[in-house]
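Residue-level listing of the chains:
Number of protein chains: 6
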Amino acid sequence: MSNMINVLVTTSVEADIKEWLNEDNPFWDISITSIPDQIKTAKIISKNSGMIVGIDIAKIAFRLLNCKLVESISDGDLVKSGDVILKVEGKLSELLLVERVILNILSHLSGIATKTNKLINLIKSNNLDVKIAATRKTLPGLRKYQKYAVSIAGGDTHRLSLSDMVMLKDNHLSAFSSITEALQVTQSKVSVYHKIEIEVTNRNDAIEAARTNIPDFIMLDNMSVEETKTLIPELKKISEKILFEASGNITSENIIDYASSGVDIISMGNITHSVEAFDLSMIIEK
Amino acid sequence: MSNMINVLVTTSVEADIKEWLNEDNPFWDISITSIPDQIKTAKIISKNSGMIVGIDIAKIAFRLLNCKLVESISDGDLVKSGDVILKVEGKLSELLLVERVILNILSHLSGIATKTNKLINLIKSNNLDVKIAATRKTLPGLRKYQKYAVSIAGGDTHRLSLSDMVMLKDNHLSAFSSITEALQVTQSKVSVYHKIEIEVTNRNDAIEAARTNIPDFIMLDNMSVEETKTLIPELKKISEKILFEASGNITSENIIDYASSGVDIISMGNITHSVEAFDLSMIIEK
Amino acid sequence: MSNMINVLVTTSVEADIKEWLNEDNPFWDISITSIPDQIKTAKIISKNSGMIVGIDIAKIAFRLLNCKLVESISDGDLVKSGDVILKVEGKLSELLLVERVILNILSHLSGIATKTNKLINLIKSNNLDVKIAATRKTLPGLRKYQKYAVSIAGGDTHRLSLSDMVMLKDNHLSAFSSITEALQVTQSKVSVYHKIEIEVTNRNDAIEAARTNIPDFIMLDNMSVEETKTLIPELKKISEKILFEASGNITSENIIDYASSGVDIISMGNITHSVEAFDLSMIIEK
Amino acid sequence: MSNMINVLVTTSVEADIKEWLNEDNPFWDISITSIPDQIKTAKIISKNSGMIVGIDIAKIAFRLLNCKLVESISDGDLVKSGDVILKVEGKLSELLLVERVILNILSHLSGIATKTNKLINLIKSNNLDVKIAATRKTLPGLRKYQKYAVSIAGGDTHRLSLSDMVMLKDNHLSAFSSITEALQVTQSKVSVYHKIEIEVTNRNDAIEAARTNIPDFIMLDNMSVEETKTLIPELKKISEKILFEASGNITSENIIDYASSGVDIISMGNITHSVEAFDLSMIIEK
Amino acid sequence: MSNMINVLVTTSVEADIKEWLNEDNPFWDISITSIPDQIKTAKIISKNSGMIVGIDIAKIAFRLLNCKLVESISDGDLVKSGDVILKVEGKLSELLLVERVILNILSHLSGIATKTNKLINLIKSNNLDVKIAATRKTLPGLRKYQKYAVSIAGGDTHRLSLSDMVMLKDNHLSAFSSITEALQVTQSKVSVYHKIEIEVTNRNDAIEAARTNIPDFIMLDNMSVEETKTLIPELKKISEKILFEASGNITSENIIDYASSGVDIISMGNITHSVEAFDLSMIIEK
Amino acid sequence: MSNMINVLVTTSVEADIKEWLNEDNPFWDISITSIPDQIKTAKIISKNSGMIVGIDIAKIAFRLLNCKLVESISDGDLVKSGDVILKVEGKLSELLLVERVILNILSHLSGIATKTNKLINLIKSNNLDVKIAATRKTLPGLRKYQKYAVSIAGGDTHRLSLSDMVMLKDNHLSAFSSITEALQVTQSKVSVYHKIEIEVTNRNDAIEAARTNIPDFIMLDNMSVEETKTLIPELKKISEKILFEASGNITSENIIDYASSGVDIISMGNITHSVEAFDLSMIIEK
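Chains as they are written, first to last, in my numbering: chain A, 5 to 290; chain B, 5 to 290; chain C, 5 to 290; chain D, 5 to 290; chain E, 5 to 290; chain F, 5 to 290.
Next up, chain A with everything else stripped away, as it sits in the complex:
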């Protein structure tokens, strides 16, 4: 993991960090006006166990504020409580300015990575071969970073936006007379360079969709473990090409049940929309 290249576009991350600094400083930090400034060393310390993501972002942020990186771990590294994840040197005023912005993004992304990583390990430890994927249920303005964290943790990013895969859901299907028609019209109209997924909520629709052999993915939405276990073998017989995705109310409690149903992918909104922050703190050396 730690030798993965930095895929985030630096200039775009810089732009976001500048906005986050403005959010926290509509004018300036009124607490530092009274401080005798000086060069200090700061450390970011882990107070949890898990996977860290956001180091590349933190590095860009510190550089923007003219702080000098001393050392750091890499995105995707595993840490335990007490580990130093980053050490940096800079003016006290700049360290205080950027502290909260950096901790907020690091804690959130590391929370995502830790949660995703645990689920993947759980699946592996059950000798199952199912991918965990994120959804578009992300927090507004943070999708790029949330999907990046999922990816670093070994999850699949799934659709990044409405522009990169076709997904037909209930709300789309209402405009067509049948699932077959929806898939045929769609296939004839959309670019061949994008994949097609269809979401179904019952056995009949799943089978109708599979029989067209058009979609690249069929998502079984909110189906019970039992239904899923019965349906998947049937669907796999109909189409070898299509991948099957389970989604809806899947948690760490029932994920192994779903994973053992034969589905190829489990997609989960809660690895991006309901995340516990990873506990980190920044300590400035005396």
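Please note: incorrect hints may appear among the correct ones.
If you anchor each label on the Cβ, the simulated ranges turn out as follows [to be verified]:
hint, chain 1, residue 1, chain 2, residue 2, range
1, F, T45, E, N130, 19 to 29 Å
2, B, R67, A, S181, 31 to 41 Å
3, D, Q42, F, R67, 31 to 41 Å
4, A, P40, B, T205, 15 to 25 Å
5, F, R67, B, T205, 36 to 46 Å
6, F, R67, D, S256, 38 to 48 Å
Below, computed lysine to any residue pairings styled on SDA-like, alpha-carbon distance capped at 20 Å [claimed, not checked]:
hint, chain 1, residue 1, chain 2, residue 2
7, B, K51, A, N208
8, A, K128, A, D87
9, A, K72, F, E212
10, A, K245, C, K241
Derived by calculation from the structure, the hints in this document are not laboratory data.
Glycine included, each C-beta is placed from N, C-alpha and C at the ideal position.
Please arrange chains B, C, D, E and F on chain A, whose structure you already have, making use of the hints.
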């Protein structure tokens, strides 16, 4: 609650919604290119019990997309599973375009409000009079909305940014020879129009800070319930003016213990940084 | 074509129009300061034959300037010289303000659509079944609109950005020991929700790539008509799943030769990077 | 040409490059996630003959991505097929990220410069002394760069925007009772620091405009070569101060006819709105 | 004046107002959270005598906040203390939100217009025919509005930016061997569509510049009234075409002396950089 | 003063400077196209006596344009006419590009600091202990810089925005039945972390407000010196906690009268809205 005026600045909310739509549509929604467009009615349905926040934002978003509001509840209203929280009419293509953006912000803010509201009710039901306050541990780019949700739920927004209150923490104090000096220098330099808070981590510092009678707030950071219970009465004797805030690892399990220690305010990062999304879905009528 | 829904995100188009107005008006239109303002009717007239794209954008622009649309044709409609493509009513000062911005985008997009449409008709009139696709060789800042014009004209948008399909080119392959390795490593690392294309420049590479059966597309880059005609049947025997794309120096002169080689898709940079503007003018009624 | 100073404002070019990178990377380059990163040398090679413009922009772009310039030619230099126009060193991932953005702008601006330069040379080789000028028929968002390319090639930028010269056209004149009145009112109302041009479409209007001696320029719009040849000597007798500009459907075929009519300037939309991209490619050394 | 058309580009003014609202509301107006909202009528009242500019901006601002204009005077109208300049109806919360932003811009622009207008009247009342012009000594971010106010008041906007007229100053001339060379090189290199001004600080330079007959304007910078009075007739004999501008430390005290020297234009930084705000207040009816 | 740390957020200042450069260069500086570029040294010279503010901003601007600072004084330093306040080395073209932008902001902020500083010295020289505070009557887009200048000069910044202190004015009070009710409702609804000020215009309201002991500040708006002198001792008897602020038509002529009335703070709009620019010029060495 429901007759509270809309304090969010409409033009600023519009700007954010436009960015969120761009995030979800770097080009356009490739799934709707095959759809026969038509006017439809959509409902947002609650699948949880709790407090809804974000209706005012959703209204602005629908209006930007030329969808017509039919009816809605108000920010701060309590709902149960199955309740319709908003009904709107518009082109199918526009409804599908904005669906996920609106659900993502609504689910997140309603998650915050529901969590905050439960804690406040828990305190009230124990006949205690302690405020719950948020912190600056918010998600980058979303602070305005997160603080708004806390406020609607009856929580205190605490400091909105580095520009609106002076807060002296460990990392600031390292630049001074003593707490007393830090407070005196600060008081003499900062604007009289902003309040001053100091964060302390032990009894001696708390007492030294209280004796200066300078700060408006003293925050006891990461102190145990026992320490807090012993210390607060002592501090209140030293200064009647100062309000006392407990913070650090306070959860729904131990909040009543802290609340009964005599502190005036309990501030909690987890009502903004570790929130479970409120389950909502949008259904387009056939 | 004319009943296609407007897929462009209105709020995003508005933002671009505002920037284009600023580009043309860093201060204001100094030519209108002397004009007695009055309500006028303006018509946009075609001075060419071909396909018009940009009507939806023009409508948004006129609405932003409070001009009232009287009538218009639709994106994708075919016109001949002299046809009125749009009629609008508004203040003379506003019509003059927006005239050039609207004509510039309309002329460019209609130029793209007309060129693409002619190529598609040429292929159809030769009873061939080959798709025409655009590339990422677009003009900076205009990709969304250029791809939209290609799409309205019946072309395939191909990859919209670096984020929506994997494409391995010469410059990528230099980092791997073989094409097979490049494809295997890539398949194992990238999201299953995106397609994979590989660009090859000679027979051996094409065959190696086809034998992996990994890519969704193989692009034959800058190969001669003869090579292409020999190679395609060979490749199709190796893999039924893979689609084959010809690219590089394909023009209206040789497109039929390439199209009859058996390739599935022909992608062309010149439908977006070397376009002749469609001649349009705006006439304000006396 | 090559010792011309860089007039483009660096901070503003950087802002545009960042937007163009975002356009091509709404999330990130999914093709590089599988690549073993390493330092590489890349060369941009010409595959045409002509004049290169955009080197200063490419340098700024490479610097933004932390790539190190090894050598380059200068804006305005003439090249032939096979020439290396720029050599740079950087991480493979960064080179691939910025490749298309840089080639797209370089190809477009070099196309403009090459076309403009050829026309100027054609005029010079006929021993004529007529300026070639651009118009406001530019591509939205790219005017600054297109006008810069024209300027480097030796063309006149003409009006840069609606804010820097007064131009009265048909659509303006409709608000006045006569050309004379339009010019008199305009002269009395607009700032003396800006020039005034009037566009006329027939002999009578041209003569009326010339007799006022108010405009700095009279543009003969869409007049035939014959009309122009007859009219210019007549107009020059009426006013020595005024410069005469021919415009409308002037191409490389008829430009010498127009240029020998005695006009001072020929303005042409097609050097900015109908440009053939200059063929360039980037090669990364193995 | 009052029938002058609105030349400001509405979409661009809206963008500025949104930024100004954000400046004043990084989060929201915490003073209105306690207010029972209701529809109110507000009046903006003049507490000075002078010329009002900014009404068109105020109208745009009120419309953005969904307040309904009841009546207003026009930009350029003269008022006396006590006059109502605008009456509007809207929600109390919206009126309070926008009050300060509108008053700040209106007070500033009306201050500029009033000062400029007084100087122009002073000149007219001395039967002199000299133009008053602004400079580029404007307040960052406000140039468009300041120049607009000068223009409404009857002043000349002078150069709007570095892009619309050539101005050679001392700091430019240092790069050339002589004024004549500077002017000749400049004339040969810059677009013919822009005027040329040269700033000189002594008699010899003024005469050398005039003898080239190249510049459209010669500015006498910081010369005494006596020098100016002697020099102007001499210069006018050398060139009839050139206009002469006096600048530098010209105030209402000495402006008539300069104006009677024969100069064509007096340019003054203090009508934009040292302006007294026009006193206005907004009153909300009980 | 000169050892005060730079509190302005560098990334945010850079963003503003870039916008100001764009305002002055919608395309580019057409005056420098003819200049033989070369490295030059430039000095900014004071032509007034007073306090300089804006040096930190100038340094950031010069660095953005790749000019090298040679030496400079610090924000808050006092200068007299002829003093060099900053010396810098860079390309002639870059120095000319940034000259006016830097001088405009420096002149304006130094004008504010000089005016504020004189008032503070006047008060001190009368052995009075009253703070001078700014207001929200600032110029749109410049508040951060204007408040910063006031602060450097020793003034109080007062409320920075609508989001950092509650202020109840006439226009708010109209929504309540009494001052007492307004204050009680407000205190119960707003965050305890922000101070509360109330503005009153007569003796009765002042006394009613003081008796609640709720507000942190009572502002006497537009009261005469006499009224103020009588009222303050009375109010101080009612509440020891509340600070009293005088505001409205206070000038350097009457400020000592007000200051000797016993008020704690005098707030003045004219130190930000009606400022005389400090005279500075940039000289490029031959």
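To see whether the hints hold, each was checked on the structure:
1. At about 45 Å, the beta-carbon gap between T45 (chain F) and N130 (chain E) misses the expected band of 19 to 29 Å.
2. Between R67 (chain B) and S181 (chain A) the C-beta distance comes to about 32 Å, which sits within the given range of 31 to 41 Å.
3. Restraint check, Q42 (chain D) to R67 (chain F): a C-beta distance of roughly 32 Å satisfies the suggested window 31 to 41 Å.
4. One distance hint, 15 to 25 Å for the beta-carbon pair P40 (chain A) and T205 (chain B), holds here, with the actual separation near 22 Å.
5. Between R67 (chain F) and T205 (chain B) the Cβ separation comes to about 39 Å, which falls inside the hinted range of 36 to 46 Å.
6. Against the hinted window of 38 to 48 Å, the Cβ-Cβ separation of R67 (chain F) and S256 (chain D) comes to about 47 Å, which satisfies the hint.
7. Straight-line distance between C-alpha atoms of K51 (chain B) and N208 (chain A) comes to about 25 Å, which puts the hinted pair past the 20 Å bound.
8. Between K128 (chain A) and D87 (chain A) the CA atoms are separated by roughly 26 Å; this puts the pair beyond 20 Å, and the hint is violated.
9. For the given pair, K72 (chain A) sits about 56 Å from E212 (chain F) by alpha-carbon distance, which is inconsistent with the 20 Å threshold.
10. Taking the CA atoms of K245 (chain A) and K241 (chain C), the gap is near 19 Å; set against the 20 Å cutoff, the hint holds.
Of the numbered hints given earlier, the model fails hints 1, 7, 8 and 9; all others are met.
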